[in-house]
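Trainee: Given chain A, put chain B with the ligand in place with the hints provided.
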Amino acid sequence: MRFLQLALASALAFTPATANAQSDSEMMFKNPSRLTQTEGKDIYGAICAGCHMPEGEGAVGAGKYPALANNETLEAAGYPIYVVIHGQRAMPPLGRVLNDEQIAAVVEYIRTNLGNNYTDPVTVEEVTESR
Amino acid sequence: MSSIEASMSRRQLLTMIGTAAGSAVMYNAMTTLGFAQASTYTGPIKLEGDPKGASVLILGAGLAGMTAALELRDAGYKVQVLEYREKAGGRCWTLRGGDKYVELGGAVQEVKFAEGNYINPGPWRIPHHHYGVLDYCKRLGVKLEPFMQVNHNAYLHHTEAFDGKPQRFREIASDYRGHVAELLAKVVNQDALDETVTPEDAELLLESLKTYGVLDENYAYVKSNETSEYRGWEKEPGGGVDGAPIPSETIGLAEILQSRLWTNLITGDSIDHQGTIFQPVGGMDMIAQGFEKQIGDLITYNAKVTKIDQNEDGVTVTYVDSNGGEAEQTASADYCICTIPFSILSQIEHNFSGEMTSVIDSMYYEGSVKFGLEFKRRFWEQDERIYGGITYTNLPISQISYPSTDYFSDGPGVLLGGYCWGATAYQFNALPPEERVARAVDYGAQIHPQYTEEFSNGVSVSWHRVPWVLGCYGIWRDKEAQYAAAAAMDGRTLMAGEHISYLPAWQEGAILSALDAVTRLHQHVVSA
Ligand SMILES: Cc1cc2nc3c(=O)[nH]c(=O)nc-3n(C[C@H](O)[C@H](O)[C@H](O)COP(=O)(O)OP(=O)(O)OC[C@H]3O[C@@H](n4cnc5c(N)ncnc54)[C@H](O)[C@@H]3O)c2cc1C
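Residue numbers (this note's numbering), protein chains in the order written: chain A, 1361 to 1491; chain B, 2 to 529.
The following block holds chain A by itself, in its conformation from the complex:
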C-alpha cells in the first residue's frame, strides 16, 4: 500500500511548485508531495496547526499533541529544527515535505510567537546541518 502511494506521489510530482508568494494562505495543495508556503506563519498554519493547534495550545485525547505555546524546549533552535526534520515518536518527520528555508522560517515563527520570545535568528545553515 505504501509502495502504491509512493509511486503515485512520484507520478504526480511533475506538477511544478510554482512559487507564487503573493498570497501564501491561498497556496494550499499546490504540489501533492510538498508544501509550498514560504512565510513562517503560513507554514505553521498549513501543517503544524493541524496537530499543535492554531494557537499552539496542543490537544489531548487518548494520545496528545504537546503545546508549543509558552514552550521552554524551544529555547535552543536546534531542538525544534531536529524534531521537524526527523520527527520524534508520534510526530512524523517533515523534512521531506518542507525544505530548509521553510523549516528555518517556521521554527523562527514558533520561537517568536505563540507566547515564545526567543529572538536569536534561525539560519538555513543550521537546518541544512541538522539534516
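Treat the hints with care, since some could be wrong.
As the list claims (entries may be wrong) - Straight-line distance between alpha carbons at most 27 Å, and here's what the computed DSS-like set of lysine-lysine pairs gives:
1. K294/B / K79/B
2. K144/B / K113/B
3. K1390/A / K187/B
4. K88/B / K1424/A
5. K187/B / K139/B
6. K101/B / K294/B
7. K1401/A / K1390/A
8. K101/B / K113/B
9. K377/B / K1424/A
10. K79/B / K53/B
11. K144/B / K294/B
12. K79/B / K139/B
13. K1424/A / K308/B
14. K88/B / K113/B
15. K480/B / K1424/A
The hints are simulated quantities; they were obtained by calculation from the structure and are not laboratory data. The model shown is predicted, which means the values in this text are computed figures rather than measured ones.
Mentor: Leaving out everything else, chain B with the ligand in the frame of chain A:
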C-alpha cells in the same frame, strides 16, 4: 498512425515504456516485501490445553484486541479489555446520521446523513484474499456485498488534460492498450525483437497483440465497430429503424500520454484491489458490532490507559475515565496483549524493555483524510450511469468513490468525496472540518457540476486528528531491523495490531497479528 508517430517524442515513448517496466519492478518489490502476498490465515485457530485459570488484560478493543479477546475467552482464559472509546471497533468505524464525532482540537461534527446512508472513514474494502477477515465475518454473521473498485464508466480526470474535462475510464484504458499493442506490433514487424523472441513466438505475439489491443488486419488501432466494443460508441447500438451504432473516434497516443491519465489505469489491478472485493452491508463497523455481540461483556469502555507496569508476578494497568476523570483505577492480570497504537503507547508510562521502547518510540503514523458527502439525489447514477467504482483526479481530493450499495434508490446518497495522503493530507488536517468539506465540494464540482446544486451535508475525518490513534497506520523506520523485537514477548506482554504485521493499514494485518500473539501466549502458558 504516421501522424501519431510524428507527434510522439522519444521521451514520451520512453516514459511509456518506463511505466510498463516500472509497474513490473514495483510488483516485484511489493511481492518481496510481502505486500502483495495472500493472507497466511489457515482457518480458525485451536488453542488446545488448559490455561490453568490464567488471566489476560487486553488493551484496545479494535479488531486486534477483540480477536484476541474472543479466542482467549473461548480457550478458557479470564479476559478483560480496556478501551478508550465508548464503543468497540477502533479504526473499523462507520459514521451514520445522528453520530457525533469530536476530533482533536475540539471541533464537533454532527453527521446529518439520511437514514441508511453512511461513510466508512477508515477501512472500506476487504480484498478476496484476506481470509482472516472474511472468516470472522462468516463466523460473526456479518453480511458482505461486493465493493466496486474498477468502474469503466467512472472517470479519469486531470486539470491540465482535455481542457479539464473528465474522461471515461474505458476510453483511456482501451486507447492506451490499443496504442501500446500497435507500437509493439510495429516493433515485431520491423524484426527488432529477433534477439529476444523466436520467430514462432513473434507470430504468436502478433496474434495476441491483435486480440489484446483490438488491432485491425494491418495491426493498427483505429476507429471501428470492434474498438468501440471496448471504448464505447459514438451512438450506442439500439433497436428498430435507427438501431445501427456509430463507432467512436479514438484518442491519439500523444494526447493520452501527455494527459497522464494512465497514472491510475492499473490501480485496481494490484492483488489488494482486484475483484472480488467486499464490504459489509450497512457499514464496516458491522464487523466491530459482530465482535461486540460476542465479547462486549468483557470490555470496559471509556477507560484511558495511562500506565502499564509489569513484573515477575503479572501486569498492572492504570487507567482513568476518558471523559476527563482524574481518579485512577487499576486492572491486573497474569499477561497483557497490548493493541494500543504505538503513536499513543509512546506517550504512556510503561516499563517495557529498552529494545521494545525504542521500537515504540520510533514509529510515527501516516496521515490520511476522507470525506463523506451527502447529495440530495444520486446524480452520478441518474445522470452519468456510474454505479459504484472510483473516479481518479489530480485534484487534492484525489478520488471520488460512488456507493457500492442501494443502487437506483431515490433520495439522498453519500459518496466518498476525497481520500488523500501526504502533503495534501497535512494541509487538510490543518483546516477546520467545515472548510475541509467545503473545499472537497468545490474540487468535486470540477468533475461533477451537479455538486453545486445537489450538495446537502458532509463530514470529514482527518486521521492525524483522531484522538485515539493519531494517524492512519504505523510507519516503521527500519522494519527489517526492528520487527522481531516488536513482535517478541516482552516480559508478560505481547504487542498486536495492524502495526505488528506485513499487511500495514489492512484489517487482515490486525487480525493475523492478534492470532499469532494469542497462539504464542497460549504456548507459553500451557508449557509453563
Ligand atoms: C483511512 C484508512 C483506510 C483504511 N482502509 C482499509 C481497508 O480498506 N481495508 C482494510 O482491511 N483495512 C483498512 N484500513 C486499516 C484498518 O483500519 C486497520 O488495520 C485496523 O482497523 C487496525 O486495527 P487494530 O486493532 O490494530 O487498531 P485499532 O482499530 O486502532 O484499535 C486500537 C484501539 O485502541 C484504543 N486505544 C488507543 N489508545 C488507548 C488508550 N490509551 N487506552 C485504551 N484504549 C486505547 C483505540 O480507541 C482503539 O479502539 C484503513 C485504515 C485507515 C485509517
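Trainee: Each of the hints needs a verdict: does it hold here or not?
Mentor: These are the hints, each one checked on the structure:
1. As the CA atoms of K294/B and K79/B are separated by approximately 18 Å, the hinted pair is consistent with the 27 Å bound.
2. Taking the CA atoms of K144/B and K113/B, the gap is about 25 Å. The hint holds against a cut of 27 Å.
3. About 40 Å separates the Cα atoms of K1390/A and K187/B, which puts this hinted pair outside 27 Å; it is violated.
4. The suggested pairing of K88/B with K1424/A holds, with an alpha-carbon distance near 20 Å, which does not exceed 27 Å.
5. In summary, the hint linking K187/B to K139/B is not supported, as the alpha carbons are separated by about 52 Å, beyond the 27 Å threshold.
6. Note on K101/B and K294/B: the hinted pairing holds, with a Cα-Cα distance of about 22 Å set against a maximum of 27 Å.
7. Of the pairs offered as hints, the one joining K1401/A and K1390/A holds, with about 17 Å between alpha carbons and a cut-off of 27 Å not exceeded.
8. At roughly 9 Å between alpha-carbon atoms, K101/B and K113/B fall within 27 Å of each other, so this suggested pair holds.
9. In summary, the hint linking K377/B to K1424/A is not supported, as the alpha carbons are separated by about 38 Å, beyond the 27 Å threshold.
10. At most 27 Å may separate the alpha-carbon atoms for a hinted pair to count; K79/B and K53/B meet this at roughly 10 Å.
11. Note on K144/B and K294/B: the hinted pairing holds, with a Cα-Cα distance of about 15 Å set against a maximum of 27 Å.
12. Restraint check for K79/B and K139/B: the C-alpha separation of about 25 Å stays at or below 27 Å, so the hint holds.
13. At roughly 15 Å between alpha-carbon atoms, K1424/A and K308/B fall within 27 Å of each other, so this suggested pair holds.
14. Restraint check: the Cα-Cα separation between K88/B and K113/B comes to about 20 Å, which is no more than 27 Å; the hinted pair holds.
15. Distance restraint check for K480/B and K1424/A: the Cα-Cα separation of roughly 25 Å lies within the 27 Å cut-off, and the hinted pair is therefore satisfied.
Violated hints, listed in ascending order, are 3, 5 and 9; each of the other numbered hints is respected by the structure.
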